[in-house]
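Residue numbers (our numbering), protein chains in the order written: chain A, 1 to 288; chain B, 1001 to 1695.
Please keep in mind that the hints were generated in silico from the structure rather than gathered at the bench.
Even glycine gets a Cβ: it sits at the ideal position worked out from N, Cα and C.
All the given hints hold, so there is nothing to weed out.
Calculated from the model, a selection of chain B residues having no Cβ within reach of chain A, i.e. all distances over 10 Å:
1. P1080
2. F1087
3. P1462
Derived lysine-lysine pairs resembling DSSO-like cross-links, with alpha carbons at most 30 Å apart:
4. A/K11 to B/K1304
5. B/K1531 to B/K1515
6. B/K1433 to B/K1375
7. B/K1692 to B/K1626
8. B/K1304 to A/K2
9. B/K1515 to B/K1636
10. B/K1524 to B/K1636
11. B/K1621 to B/K1592
12. A/K48 to B/K1139
13. B/K1254 to A/K2
14. B/K1597 to B/K1585
15. B/K1466 to B/K1428
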Amino acid sequence: MKVDFQTVILKLQEFWSQKGCVILQPYDAEVGAGTFHPATTLKALGPKPWRAAYVQPSRRPGDGRYGENPNRLYRHHQYQVLLKPSPGDIQDVYLDSLRYIGLDPILHDVRFVEDDWESPTLGAAGLGWEVWAGGQEVTQFTYFQQVGGFPCEPVSVELTYGLERLIMTLQGIENVYDLAWNDPVGPSPMTYGDVAQQMEREFSAFSFEHLDAPIVFRHFEDAESMCNQLITNKLVLPAYEYCLKASHLFNLLDARGALSVTERANYIGRVRALAHACCTLWMENACG
Amino acid sequence: MLVAEWLFEILSEEIPSRMQEAAQEQLKSLAETELQAEGLGFETIRTFVTPRRLTLVVEGLPLKTPERVEEKKGPRVGAPVQAIEGFLKTAGVSREACDILDTPKGQFLSVTIKQSGQLTESILSKMALSLLEKFRWPKSMRWGSSPITWVRPLRGLLCVFNGKVVSFSYAGIESSNTTQGHRFLAPTPFEVQNFKDYKKKLRDHFVILDWQERRQIVQAGVAKVAGELTPLKDESLLDEVTGLVEWPVPLKGKVDEHFMNLPLEVITTPMRVHQRYFPLMDNQGKLAPYFGVVANVEAPDQGKTIVIGNERVLRARLADAQFFWEQDQKQPLEHFNVSLKTRLFHQHLGSVFAKVERLVKLSTQMAERGGADPKIVGRAALLSKADLASQMVNEFPEVQGIMGRYYAQNQKENAEVARALEEQYWPKASGGKTPDTLPSLILAMADRLDTLVGFFAIGITPTGSKDPFALRRAGLGLIALALNPRFTLSMLEALGWAYECYPWNEFAIPQLKNKEETLADLWKFLLERFKFFLRDVQGSPYDHVDAVLSVANQNPNLFDLSLRVKALDQLMDGEDGKNLLVAYKRASNILKIEEDKDKCIYEGQVKEELFDLDEESELFKNLSQKLPEIEDFVKKGEFVKAVQDLATLRSVIDRFFDKVVVNTEDKNKRVNRLHLLAYFRRTLHQVADFSKIEG
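Just chain B, with the same shape it has in the complex (with noise of 0.2 Å):
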């Protein structure tokens, strides 16, 4: 069969670099979905994203669909006219084109339609406008008179098939063979055959059409101006650079020797936020007075103009730094408290100075259980949001609390202090760092718990996309936080502070939640994001977290939790637990019928004298002596020797059921022996809730 390639460009004026690999990737989807559809298989699909174009390469599709035959069946030879008519009618036959089917129902009519292949030029033509229709941007806008939307204004639509324009037009706009290049180096219209034609085309006209092809250019470009200096590693930096240029020219600039005093943070975050610059680290990791700038030309200068046009801007940038440093020192930390009082955290739940209040007493109280120095930890809650008020987080927001830490470090704060100062925002990202001193991490929780409850006892919650406040985020932190062993605690007790710390009664909020619902919500709300934890990044089978967290409740430490899902999964990697699992669920079986039949619950005590054979004495002597042993070790977090332990129960319990007939004729007997076999499920339950195993 002879195939042919499609090629289908959508120029548009600049899109924005965030929303351009997305756009990639959703394009790719709706064609694959679309061709499907319509019946056309290809052989490879590949798209493409610049900031003017995003770009659809389809090869290996025919040139026509396959002849499509149906048969239809209609209804009795004998059926009222209209029905027949009707069918006549919706089928486009006559009556003489119709066959008869005999069937053991009877006869009936019904008519072999033959659809011809359609070309594929045509399907193709009614594709690209769908295609254009159903792309859904994160943002979109409409333009000049027209109703249609798109990112930015479309500017043109280049669709080829089999080396021919596929005709078709959508926004005032005629799709052709044509399309532009870079649009200053060489801004003339070129015609375009296919898409190797095209992608060479493009180069020449210097677009380099690849993402990755570009961010190789642009990370190696860098590296290479930086000479003997080092780009600083940021993945996300050079994705964003990436996404606005066609034609990558790194360049190097230098910064003024006199900002090099001023913290790294204070000169990269302008370099690398505002202005998309690459800080550069000399051979002993220090920031060096140089950065790497990725042009977008290649400048009949040689770039010497954007180079000091840019050193410019930096100097200006980096002069108001210099500025707000020396005016943010000329008073102590503290006193930027004051204007926190005047500052919203939420309209219902105070200013951000009682936040901070209400963090001092939470995050006091946590250390004194957790064995910290409730003094340092206080002091540091005191100051842990007084940056905010600081001209320079004002100015450059990414660099609230490093400007806490740094400020602290020379008014001669206690060195944990502003440690912490910086460290109460960790985990920055999910799977970022948390943490690793006391008062940091106890500050970071207690942050969170603050927010999380004041929030959930208001009745905001995260729903759908809708999470304003990033209650999320604010969530997943606290399950990391409280997955450092250097601070563990029962994460209900922690909430129910968290909410005795506020003021309810000063805030008179109409629909305030009690603290039981507050919790209630809030520890259902945890244990989902904590769940997916488990599974997605610690990589433990559902089904062993579900039992696991079944019995939650009891004993409400994340740490603890997720090392016993970890002794359950060793212990299920294993024969016995298999086994054990096996016995269980026989055990359980029996329980279950037995109790719905007698409609009554088999939890109570094991009467020895009634025992008949060693297998039952000896079953109910190990769990005599497990159980306490089992619940010793579980109060200890020490889950690995409490799996052992239930490891050892498998050949007594494997003995006990080849020996013993549970449901005995003695009527005496019977019961105890079931309520030896509840003393066996509850002993397991002191790990886990088995039942939730699959086996």
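Pulled out of the complex, with its shape left as it was, chain A reads as follows (with noise of 0.2 Å):
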């Protein structure tokens, strides 16, 4: 079975295609998880029934390595999946999905490890487990319980495979620059290095080093601004957007080292209130 990277992508698009998901692309804007995502975070709010599926490039300005680390990505790629509301055989519809891309549970002693996922800046918080393959992360699984500060009702069930790691895992490698991107004896194999290192070499770059600072607190400043106007005017989903790009420059300020410890907690803050709006917001016009 082929297990290159774009391969075992398309393998899970037709898997949860089959189980009645819409398959989306990547939100357009710079997020940190696949949660980000309107179709997670805003659809795991109010009572219709919704089915997702897509992948999200996720940005951890903290995370880069320049390209050096075997293991830690400023942009890893997440494969997300949320079912709204949770189906009672979703475990075994998820274990059939690894089947589904060649990892045999019994092979790799796939287990559920109790973890508990919260998002501070989302409000939100779930119970679930990570899921193991020989002892490697491979899945966040989690029962949504509430977003936004709202309870979710009905529970949405959201599954975060890390798709790097997964397939490592499948291909059995170190290194995750070495991981075949494409078919290794295709015509023209590429490695996730060939696609992806010089991203990772500078955005690293750029996120430790050449910052501004000032420049991005500015735009900080305006994208809350933004947000609060939008939120005025009734449009959830541009507020929402704003909302993620306020916490994606609340990232980088992050990484570069450029907050302390109470400046911190007061971005968060900030942030967190900008995403309750937005939820709020949701919520009144029944969008969910």
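Mind docking these for me? Both chains are given alone in their own frames, and the hints should help you get the complex.
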């Protein structure tokens, strides 16, 4: 079975498409995790059923290692699935998805290990596990209990596959940059390094050395005030997009070491307030 | 009587390991309570837990409950119609069915209600529901569209009594006689007749039901794969791993040799805490380049893929650790203090660096008092929190203090300084080891004094289950440290120093408590914890503890107080102590009665010229000699000698009571004798408040 990076993604798309998910594209703004995509955060709120799956490139400026660390990345890829309400056989379906991409749960000793999830910036929390394959965490499996401070009724289940780790396990390799991105015996084989290493180098240099903090502080202020204006105008999706921007700008400042502890708490509080306002507006409009 | 067995299994998605043992206990006690409330007798009750199931089995239950006969007394025969009708209605009988009850107070209606026995099966179907509803997890959740909560989604309810299904439904699940075995090795559901059948079939389906048995398999299995090596003893890791597997299969993996130069804790922490591996030691007690890992499956390749996978994960973690180890040591440890300035200790109590500055001051002061080198102690305090800003501790918080020690050693800090950086966190758990060297001991105490005083001063104290800053633990730690004989001090004085190390005027806290108030609150809090220690750890009777702690304020040195309680235990063990107590009670009773009567306190000068009898002067002479002696012993902490002195008073006071009448006609003599008794009481109170001791 082929287990190159893009084939695994294609197979996951195929698998979840068959389970009734709408297959979406990544959100086209910088986010720290697939959870931030409005198809998860906002759609998890409210009573309407929803099933979606998509790849989300996720930026963690603090984890950048100039393309030199075999495991840590400025930008990694998550495969995100959200099912509302959570189906009764979701664990079995999830395990089937692993088999579908060629990961045998017996051969890899798949385990569900307690790990409750919380996102202070989103005011979100859930209970679940990290799923292990051969001691490697390959998926975060969470039953959302609340988002934006609102209880999730019904409960959604969120599956976040860490694609790099998962596929490294499948390919049995040590260094992320050695991952086969496409067919390694095809006409133009490419590795993860060929595709992404330059970005890792340059964005690490950007966020650790060349990021101009005063500019980013200003951008944060702008994003925050735009978000607030859009909330006043009851435009929930654009407002939420600016909330995401603020969140990413905060991550940049944090990685640059531009925030003291007190300031850091203060900025988290400001992002949380925006997220909460967006979720409130979403609930008021009965969008879910 | 025919009896039968009830088997109830609650199948769910994976239960967190740390919650399993307590869940097993809770289910048992809930079921016991419910069975008793229903009047259902039984022979045995047992509960079991695995990562996916919580199981109850009750043996020796009757098939139905016994018939119950109840007599209900109603209103008087001639009572108003409404009253009689009301009674008939609630009892559910007609007037004809009633008997007349003759009593001295008149004739009353009465009715005998026979309740026929209920089928146990129908009681159990309600009880199963009630158990599910009453069960409380430390953290529970909702799923799907149901409002019901459980630790993780419920997936099956097996409920069988006497071989038949007890039917009920909960959370959209119908009870049945089927369950599932191992998630991967035998996923097909199967039917179950009874517990014996259940247990055997589970084993056939790759599930070891019994937690203890699984633990045993894990322990023995890891030891076996270790071969000539020995697994590092770690009971809590064993417990945790037992809760992660239904079918434990221990395997052995290898650690890359080039990581073996890293410090022991840096290698074993990711192994134990992050990966749940067992570190293996060689026969010289050195860490070997291997680890034990417990899989949950028997894989067709004998676990080869599993071992390769786990080795790869560990390699990545250790590569990180190696990187941090090298990065952290590119600068002197002290330089990390800079980043402590922007790290909050508490919003109202300043930065971690501000705490470090206080610790330098406080521990230097304590060192000067305790005969330790203030320079060494001060240096240790200055470096005490530096490693919190290191990359290694950031990644592996468990190695705080330990990294401080390694970095300090490598940078040629004084050996005692390096040692104190690690040992400041001791005792790590209740009953844990306290430091043996003075600088470590002083720094450990100073750290807790500073924390406790700071939080108590701003009004944050542990209440009920809420103790977010772990102040109870800090208190217990402080008590354990104060009981180390190498460094003892007046706790109240030390708390006072700690209070004065805070620059309170810089903080501007609206509701700051003053020093007296803070110390009073904190002292009370510490005495409560200390009381618990003396009773439950030292094993002293509670009345001895109360008697000594009643005089604790006179000498607030916990080490001395614990010795004093022990000495009192010893005294009260013997005849002398018991008789002395009888005499004390007699003396203080007389004093109390007379003091109440005369509305005054008899604490005056004894006048020798008013003595009539030899027994009076003998008692007086003895007390005059012993009191200063005892005072002196107490001051020196020589409590055994002090109580030995007390014991010698026994015969003297006995003779006094034999011969002397206290309440004599002569007023002056009476008062003088009361003063003498008060003198006796005062002497005993040097050691403890004897009125608190039960005789």
